[in-house]
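**Student:** Following the hints, position chain G with the ligands against chain A.
So the sequence lines, in the order shown, correspond to chains A and G.
Straight run, no breaks: the first sequence in the working numbering ends on number 418.
Straight run, no breaks: the second sequence in the working numbering ends on number 73.
Careful, some of the hints might be misleading.
Said to hold, decoys possible - Chain G is faced by these chain A residues, among others (derived, beta-carbon under 7 Å): (1) T33; (2) G123; (3) I216; (4) Q366.
For the record, the hints were derived by calculation from the structure and aren't laboratory data.
For glycine and all other residues, C-beta sits at the position ideal for the given N, C-alpha and C.
Chain by chain, the residues:
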Amino acid sequence: MTRPAPDPATDPATDPGPTAADGDDTSFPLARTCPFTPPDDYAGMRERADLTRARIPSGKRPWLVTRHEDVRAALSHPAASSDARNPAFPALGDGEQVVAAELRPFIRMDPPDHTLVRRMLVGEFTVRRVRAMRPAIEAVCAEQVEYLLSRPAPADLVADYANRVSTTVICRLLGVPLEDLEFFRRITSISGSRDSTEEEVGAALGELFGLIDRLIDDKAKDPRDDLISRLATGPLARGEITRHSLLSQIGITLNAGHETSRNMIPLAALALLEHPEQLELLREDPQLWPGAVDELLRYLSVADVITLRVATEDIPLSSGTIPAGDGYIALLGAANHDPGAFPEPGRLDVRRTQRNHVAFGYGTHQCVGQNLGRLEIEIALRTLFDRVPTLRSELALADLPARSSSAIFGLDEVPVSW
Amino acid sequence: MVSRPVTALRLETDPDTCAGAGQCVRAAPDLFDQDDDGLVVLLRAHVPPEARERALTAADWCPSGAVTAHDPS
Ligand code: HEM
Ligand code: SF4
Chain A
1 MTRPAPDPAT
11 DPATDPGPTA
21 ADGDDTSFPL
31 ARTCPFTPPD
41 DYAGMRERAD
51 LTRARIPSGK
61 RPWLVTRHED
71 VRAALSHPAA
81 SSDARNPAFP
91 ALGDGEQVVA
101 AELRPFIRMD
111 PPDHTLVRRM
121 LVGEFTVRRV
131 RAMRPAIEAV
141 CAEQVEYLLS
151 RPAPADLVAD
161 YANRVSTTVI
171 CRLLGVPLED
181 LEFFRRITSI
191 SGSRDSTEEE
201 VGAALGELFG
211 LIDRLIDDKA
221 KDPRDDLISR
231 LATGPLARGE
241 ITRHSLLSQI
251 GITLNAGHET
261 SRNMIPLAAL
271 ALLEHPEQLE
281 LLREDPQLWP
291 GAVDELLRYL
301 SVADVITLRV
311 ATEDIPLSSG
321 TIPAGDGYIA
331 LLGAANHDPG
341 AFPEPGRLDV
351 RRTQRNHVAF
361 GYGTHQCVGQ
371 NLGRLEIEIA
381 LRTLFDRVPT
391 LRSELALADL
401 PARSSSAIFG
411 LDEVPVSW
Chain G
1 MVSRPVTALR
11 LETDPDTCAG
21 AGQCVRAAPD
31 LFDQDDDGLV
41 VLLRAHVPPE
51 ARERALTAAD
61 WCPSGAVTAH
71 DPS
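Pulled out of the complex, with its shape left as it was, chain G reads as follows:
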């Protein structure tokens, strides 16, 4: 893991499938927020390399598949 080059990511969120329990906000408060109705708000779609791990954690913790990480393009 350590020696692999750390690259940027592109995040997508889907408020329609969001279950609103805020796992993404716990994992990466700099990348996600929740609106007043509890649904996900993406703060930064383009994730710099230093925030990559947190973005992947958010995608892993999200129980409803509403957070997905993609290669930047």
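Extracted from the complex, chain A is given alone in its bound form:
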């Protein structure tokens, strides 16, 4: 946990920024010192009397919102816009902005367009619907943990377990057939890897959209009990959504539902291995699991920098006003580690009863798949620790390679033995 923070750019003395006027800006995103906790510099930003201005790779200078109450206010304010077509939208890379503006996934839309798409999907993720998925998810995790154990140790908790669980669960939900699962895994490993070139990512996304396009046709003709079938025979058939938009909406759901769990499961497992007394509490009282998952979501805050917005009117916050027209990033990890909201925020405490964390965001875009995400993480961890009680990490935390380029924090590889 003692890797030095590689963020010399936050020191104006060593990095004056591209222009003198930018000298006080914080170069963003910041790297984590410890893979478990959001960047240390968030603490100073939360305590400042005013908002921090960031400089992101695209050269834009969005405001950073860090206090728990401010993050909630900034995400639920009616003037919070997620529309990536706005030039002020603070996508961390230019490529991301172009793709989002062109594909218009609903995560980057405003009402009323957003509401229309979201309403088509929320029925798939109700508390009741997700509860009914438990046996299926248990079966998936039981199968994948045997796969992990069949690998020669050290095996990779990411590729040999978490990724297999998350791709299988999301593909089942959407109705991606088993025979396309390996194809989906291959494409997402290219599109999600920092070693891929822009062309490779473009080609991979093209292949993914080709697959979804084919599935929409197949399921319109021969509908099954799955999400793509229901959208193809419902809203698409009735002309309530265009095919272009439907492709994007299925694409974002596949991606958002896969990468988050894929990253959360190994990190959460490591966090529990690093805090054996917490794992012991869970072994003694399995009823603590659902609360532990929320605590791990808060503590790890993997979607920290996903919440990009533009203020369409002035947005007043306790730490200052975001002026109309400016971009901002509501830092979920900073809010989740605000000592004003969570006593001793740096402590992993599976018995913490407070659940008002913002790991799934806040406001009308709050994660539509959160009930599924919680259940999937819980079952994946329980199955892992029940079946592999001697599980241990092969590398020190500081030596684990982080996925630096991704919008969702995660580790590239987590070698484990048992």
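**Tutor:** Leaving out everything else, chain G with the ligands in the frame of chain A:
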């Protein structure tokens, strides 16, 4: 908190602003449900004192302001 008299509450929900992620159902399954389209269904508008805390939690967790708590009247 402990010594303050615990009183009843009146809940209101607004399906038009509901974002459908079911935070209210998680907070208080006896007070809220979701319909097949995922939108909030209020099971009990008049909240007895013993369910007051759960009702307030639901109003706090609801990300879209679709759950509001009021004094009974
Ligand atoms: C497991 C951990 C997960 C985390 C930490 C997480 C986090 C988030 C966050 C923070 C947002 C809000 C983004 C914003 O406000 O701009 C979001 C939105 C979204 N998430 Fe998740 N998510 C998770 C799992 C899932 C799963 C399992 C699915 C799908 C099956 C999913 C699908 C989505 C979609 C489609 C959106 C866009 C919703 C909208 O804009 O209305 N997520 N997620
Ligand atoms: S918590 Fe709010 S947004 Fe979510 S289902 Fe309940 S009323 Fe709707």
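**Student:** Indicate, hint by hint, whether the structure satisfies it.
**Tutor:** Evaluation of the provided hints:
no., hint, verdict
1, T33, "violated (30 Å)"
2, G123, "holds (4 Å)"
3, I216, "violated (21 Å)"
4, Q366, "holds (4 Å)"
Figure legend: structure checked against the earlier numbered hints; hints not met, in rising order: 1, 3.
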